[in-house]
Amino acid sequence: MSKIIRALISVSDKTGVVEFAAALAKAGVEILSTGGTAKTLRDAGLTVKDVSDFTGFPEMLDGRVKTLHPKVHGGLLFVRDDKEHERTAKEHGIEPIDLVCVNLYPFETTVAREGVSFEEAVENIDIGGPAMLRSAAKNMRSVTVVTDPYDYTRVLESMAGHGGNTAPELRIELAQKVYARVAEYNAAIARYLAQKAAVTDEASPFVMAYGRGTPLRYGENPHQEAAVYRDATAAEACIAHADQLHGKELSFNNYLDGDAALEAVKELAGEFGVAIIKHSNPCGYATGQTLAEAFEAAWAGDTVSAFGSVIAVTRKVDLATAECLKGRFVEVLIAPDYDDDALAFLKNKSKDLRILKLSHPVQPPAHGLAVRQIGGGLLVQGRDIGLIENWFTPTELPFPEEKRKLAEFGIKACKHVKSNAIVLVREVEPGRCALLGMGAGQPNRVDSLRKLALARACENLDQLYESDEIYGKTPKEFRAEILSECVLISDAFFPFADSIDHAAEAGIRHIVQPGGSKRDEEVVAACDQYGIAMAFTGMRHFRH
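For what it's worth, the numbering used here labels the leading residue of the sequence shown as 277, then goes sequentially.
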């Protein structure tokens, strides 16, 4: 096949385009271009032919129509070794375009800006660019198409090694990237317009597309292949866009637990907060007057499970917080930033510790969509950003107002525990809250309460009793005193009174649950019998 003789270059992202065009020109390639790209190339001293001169038709409608012309698309689409195509091209004066270098109007970054108008968003919907990319990619046997500056060097190297043209396998790879990029672009537009469209009873068409991913060593298990794909439109702190400052490569499971840790700690935004995650569940969760205090309180939530955990914090890590990790094995630490001395300490602590810096501050979770893949399809829902729908006390004993903040902290923790979820939380000191015991993922709520949450809470209190050398009370008396001041949270209603029986036996005096069971009266009656204050929230927080 003959070498590349003509290239059309029209880019919004001008990274590396001058160097790329200069190398093409040096190889004898004629350069066609439009608008700002043509000016950039001419300012760099390159010879450029305007597309309007190539087509014989001027740009019009504020530049909306410039490449939508038969001489452009004919030059891209005609099959070079097809005699009928060649005859038609010659008859209509269509000259070949052998290489297209196009990236699209910055729609995603435009709509990500706060306060962008609908009119500005629509103006950044590219029409000619995707059309040229699709035409060039369809004719991949004859045309090289480039939409990612990353590939400029690869194209030039391939031309140098293949007599002025590119290798067929490279053209196929680049064509695949084009269709993926156009799909990603169209998906972004569709998502934006779905937000603006009138609400109907029908679910809007849902599209997802992502650009080039990053391969991971393996998936959940070593025999599974895996990669991470990033949403270019993400506008809040997220694990996919965190910068890794130190440590081993992130694994598939690190990403899963890192996402769980970050989503949990967002609930504590504005406070010194820490979330410690193991297998997607918070085994430690706390606030404090300082980040170091919050860290120690969170770690005490389950010192065994915290080994090898993933940790996310709400604030910049200082040296005092970094020193809390001394002698403790942690897989990943996620924070908005790090003091220089804290980062130096952490790097020196372990060559393997993965240290991640977020690209945005930790803020409360925002409205958005959560997507889960199932066999043959997707489940799409709004993110669970709620907390309480309607707080009221159905029991004879009123729920103490001074326990309300602790209860809300407990709901935030419980939201991120796999259902059936039970958590016990305590106020370590005024204004400082911590997870004391957690039961997750059990087929029945009684096991989550009796065998896990209460058992873990009692073990933690026994350790606290020993470490603080508390005298004048037996361990049982100490446990009873603390548990009577805790709040027990259930992510969904209690279907029977049996959970209340076990809670009362342990000395629990404050319970929060959504309510809504047909046996609510039975559950409330049990609370009244035991002298327990129970609050209903009216909002369930299942997490499957």
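Simulated from the structure, these hints should not be mistaken for lab results. Remember, it's a predicted structure, so these values are computed and weren't measured experimentally. Even glycine gets a Cβ: it sits at the ideal position worked out from N, Cα and C. Among the hints, a few may not be true.
[Unchecked claim] Heads up, simulated EDC-like pairs for lysine to aspartate or glutamate below, C-alpha to C-alpha not over 20 Å straight-line: (1) Lys623 / Asp519; (2) Lys681 / Glu547; (3) Lys325 / Glu306; (4) Lys472 / Glu362; (5) Lys623 / Glu599; (6) Lys679 / Glu705; (7) Lys694 / Glu684; (8) Lys694 / Glu705; (9) Lys472 / Glu384; (10) Lys290 / Glu395; (11) Lys279 / Glu362; (12) Lys366 / Glu306; (13) Lys524 / Asp507; (14) Lys633 / Asp594; (15) Lys472 / Asp594; (16) Lys727 / Asp774; (17) Lys592 / Glu547; (18) Lys794 / Glu781; (19) Lys794 / Asp777.
[Claimed, not checked] Pair ranges (Cβ atoms, derived): (20) His368 / Lys302: 27 to 35 Å; (21) Ala459 / Pro676: 52 to 60 Å; (22) Ala466 / Val580: 27 to 35 Å; (23) His499 / Ile650: 20 to 28 Å; (24) Ile650 / Gly321: 54 to 62 Å; (25) Asp519 / Ile664: 33 to 41 Å.
Next item on the list: Of all the hints given earlier, name the ones this structure violates by number, lowest first.
Entry: 4, 8, 10, 13, 15, 18, 22
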